[in-house]
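Q: Protein chains in written order, with my numbering: chain A, 1 to 218; chain B, 1 to 218.
Each hint should be verified, as a subset may be incorrect.
Identical chains share a label here; the pair holds if one copy fits it or two copies do between them.
Below are the SDA-like pairs computed for lysine to any residue, each with C-alpha atoms no more than 25 angstroms apart in a straight line [what the hints assert, rightly or not]: (1) 116 / 97; (2) 159 / 195; (3) 43 / 175; (4) 171 / 204; (5) 86 / 160; (6) 72 / 211.
Calculated directly from the structure, the hints in this document are not laboratory data. Note that the structure is predicted; figures quoted are calculated from it, not measured.
Number of protein chains: 2
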Amino acid sequence: MVVKLEHRKISRAVISRLPRYYRFLGELLDAGVERISSGDLSKKMHVTASQIRQDLNNFGGFGQQGYGYNVKHLYSEIGKILGLDKTHNFIIIGAGNLGQALANYASFEKSGFILKSLFDVNPRLEGISIRGIRVRMMDELVDFLHNNDIEIAALTIPKSKAVEVADILVKNGIKAIWNFAHTDLTLPKDVIVESVHLSDSLMQLSYNISQRENVRKK
Amino acid sequence: MVVKLEHRKISRAVISRLPRYYRFLGELLDAGVERISSGDLSKKMHVTASQIRQDLNNFGGFGQQGYGYNVKHLYSEIGKILGLDKTHNFIIIGAGNLGQALANYASFEKSGFILKSLFDVNPRLEGISIRGIRVRMMDELVDFLHNNDIEIAALTIPKSKAVEVADILVKNGIKAIWNFAHTDLTLPKDVIVESVHLSDSLMQLSYNISQRENVRKK
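This is chain A alone, in the form it adopts within the complex:
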């Protein structure tokens, strides 16, 4: 049974949980699981069954009561919502450790994110390849952008250079930035910025440690 879905407006909170559903459903699919009840999915994901039902209601297309979810169908529907049914060419600016770590995630490719090149200012990195993908020098960037269809740029460079480089990217047609620099970027409204602030996450960890200690002292 395939239910034709209208993609209505889905709340931000639901969207933020979708990658996690997608990850779990992908694991089930890899394990050869064809269907799963909301109860079993709930146990696996440590989310209440009612939360799961509510979230996944947004996508219709799940089986009858007593059948549970069709794993493959749901995985593919969530993938479509997340835009993973299309390919996205991307480049990495900054071929240091973090840039190389990202370049080495072959799993991004499976989700449709195709790395086309890395760029750096360090002449020692000129011409080396990571998984067969060449590192180019920053002075080749503008030409490269004009001759290739690049949608996303990952910024793995220090904060001090990030603003300047982001401006160059945007002037040359980049409309989506995956930002790892430790700063917020202020860019035109039609440019999408998704930031990963590693130290923010470390601070959340540290906050939770203090809270646990406060509880113990009481």
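With the hints as your guide, set chain B onto chain A.
A: For chain B alone, coordinates are given in the frame of chain A:
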């Protein structure tokens, strides 16, 4: 004026915004700014002034009306809430590109996170140092944990090994894990896990790209 604060219960939503306030206040402090109005902070952070006032009300300790916030005081109060007034020793499990990238962030040290060692299974990495911090082999891990006061372990290893290694860490006293492996860890309740799922963030970016395209088509 120093206001003695009682650290009351603060909502999760406020807590999740604190690292960003801390980052902006730190930048102001570096720039020599002593005080700032909620209006100016609002413009800088692209958050409404009323949101800022509401959030920071949790900390008392800001100046009179017409004065604005005392940057240094507020920075230090938020730092305390986040547990950054204490030092936290940590280790990194996995000295590949991502592990080395984390080891190279000297700024973690400024916030009190002191890297004590990295561990890996790759014999080629044995004995090398990153910013003077040695990479050890995994078979030295348990002894190291017993002889050093380590609070946090960052896991920058593949998903296939993450669960097994997390169990070893927890059995040997680690109470906080900063998880970069592409899987959710199920650990005893008193162990704090903060996960950074890079592909989840890439999927959010991709979702926002599709939404923008849908809007254009209309």
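Q: For every hint, state whether the structure bears it out.
A: For each hint, the structure was consulted:
{"no.": "1", "hint": "116 / 97", "verdict": "both (18 angstroms within a copy, 19 angstroms between copies)"}
{"no.": "2", "hint": "159 / 195", "verdict": "both (12 angstroms within a copy, 23 angstroms between copies)"}
{"no.": "3", "hint": "43 / 175", "verdict": "between (39 angstroms within a copy, 23 angstroms between copies)"}
{"no.": "4", "hint": "171 / 204", "verdict": "between (35 angstroms within a copy, 23 angstroms between copies)"}
{"no.": "5", "hint": "86 / 160", "verdict": "neither (34 angstroms within a copy, 28 angstroms between copies)"}
{"no.": "6", "hint": "72 / 211", "verdict": "between (41 angstroms within a copy, 23 angstroms between copies)"}
Of the numbered hints given earlier, the model fails hint 5 alone.
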